[in-house]
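A.B. asks: The opening position of the sequence shown corresponds to residue 1 in the numbering used here, with each subsequent residue numbered one higher.
No lab work stands behind these hints, which were simulated from the structure alone.
With beta-carbon atoms standing in for the labels, derived distance ranges:
1. P22 - G355: 32 to 40 Å
2. G303 - L406: 29 to 37 Å
3. A222 - T122: 17 to 25 Å
The beta carbon of each residue, even a glycine, is placed where N, CA and C say it ideally should be.
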Amino acid sequence: MTTAPPDSLVGTPRPAPALLAPSPTSHPRPAAPAAPPVRRLPLVVGLLIAVALSGYVFASYGAEPGVLLLLGLGLGVALFHSRFGFTSAWRQLVAVGNGAGLRAHALLLGTTATLFALVIGTSTGLFGSAPEPSGGPLGVGLLLGSFVFAVGMQLGGACASGTLFAVGSGQTSIVLTLGGFVAGSTLAAWQFDLWRNLPAFEPVVFADHIGWFGSWAVTILALAAVVAASRAVQARRNPPPTGPVPSARTRAARVLRGSWPLAAGAAVLAALGAGVLLVSGGAWGVTSAFSLWGAKLVSAFGGHPETWSYWQKPANAHALSGPVLTDKTSLTDIGIMIGAAVAAALGGTWALHRGTPWRTAVAAVAGGVLMGIGARLAGGCNIGAYLAGIASGSLHGWIWGATALLGTWAGLKLRPVFRLANPKPGDGVC
1 MTTAPPDSLV
11 GTPRPAPALL
21 APSPTSHPRP
31 AAPAAPPVRR
41 LPLVVGLLIA
51 VALSGYVFAS
61 YGAEPGVLLL
71 LGLGLGVALF
81 HSRFGFTSAW
91 RQLVAVGNGA
101 GLRAHALLLG
111 TTATLFALVI
121 GTSTGLFGSA
131 PEPSGGPLGV
141 GLLLGSFVFA
151 VGMQLGGACA
161 SGTLFAVGSG
171 QTSIVLTLGG
181 FVAGSTLAAW
191 QFDLWRNLPA
201 FEPVVFADHI
211 GWFGSWAVTI
221 LALAAVVAAS
231 RAVQARRNPP
241 PTGPVPSART
251 RAARVLRGSW
261 PLAAGAAVLA
271 ALGAGVLLVS
281 GGAWGVTSAF
291 SLWGAKLVSA
301 FGGHPETWSY
311 WQKPANAHAL
321 SGPVLTDKTS
331 LTDIGIMIGA
341 AVAAALGGTW
351 ALHRGTPWRT
361 AVAAVAGGVL
371 MGIGARLAGG
381 CNIGAYLAGI
391 ASGSLHGWIW
401 GATALLGTWA
411 GLKLRPVFRL
421 ANPKPGDGVC
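Could you build the full structure based on these sequences and the hints that come with them?
C.D. replies: If you want it as structure tokens, here you go:
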């Protein structure tokens, strides 16, 4: 008599996958296509701009701004080569249950939190800086702003950091998103008095209550719970795998030409973000620069943003009165775009995309405007509030992330209006 294998018995459960085993997908991830040849002209132009601008900043404004620009260049290279995204990660999780991107976020957040605890907990800073955590108020502005931001990033096709590295790689529709981002940030700064006094509680930074080791431990445990929950969701929904991107064929070549594993991208981004904290005393951010750029444009056309309440706050007034190339966030933002351009040219994918459909263009601008407004209401974006907040042990970072998931769901409902596709369970990749 033949005995059937145990797994074929009705009602016999299959063994649970090991904790560190890859989370299941509906079928294996396709092989990555080979990276195209290096785009030599864009590479040479990008490198010349990087060298010339770095030399100018070091010579004109000193070592601290120069180092911040270099850190921005590194962030751009890492963001592009790892294709480290926030918008797509949340879309894949909400739409089909693929949590690979969210788990990469957890690695980035945990590594950054570890480095922040070491830097801030020991009061270690360069150029005379005194590193401080990024704590934000808990109130209506945080809830409304993070929700609106998440809706905007699903329409605009990129988050704050994603917008910058996509623009650097030549994606035309994301240039429209950046334009909307600057416009929305400027509008929110102009109308600062409408939202400045929304109800809010004082920031809650865990280190103020349980010390830096306790804050770090709570953050790591919470991130471990997020990872476990994402694996459980993925096991239940069995989603399609994430799509591969063009990649160099040898490990050595991938260092320069991509694509990097998400884990490698998370580690490099965490180290560079900690570098920004060491050099400037504040966490890496993105969107405050967009308000500054908009205000500078208003001034160039004869306006007077210095009379707005937003720009009369001491720190903001100082930024507005000085050159853009002395502003910390502007330096890293500009560096990201140039670094991404160099990385895209090395990877052979740099191109100016043409022929953006009008619905996509409208969605890009509208999404950018919503992100600009949302970031100012919430006091930051996916980098300045979500990443910096959680890494600093601030409760507002966790609230920002949870509310952004709700905004992502709403954004997915709106995407089909503009004929933007959402991942589906039967897709080959998500």
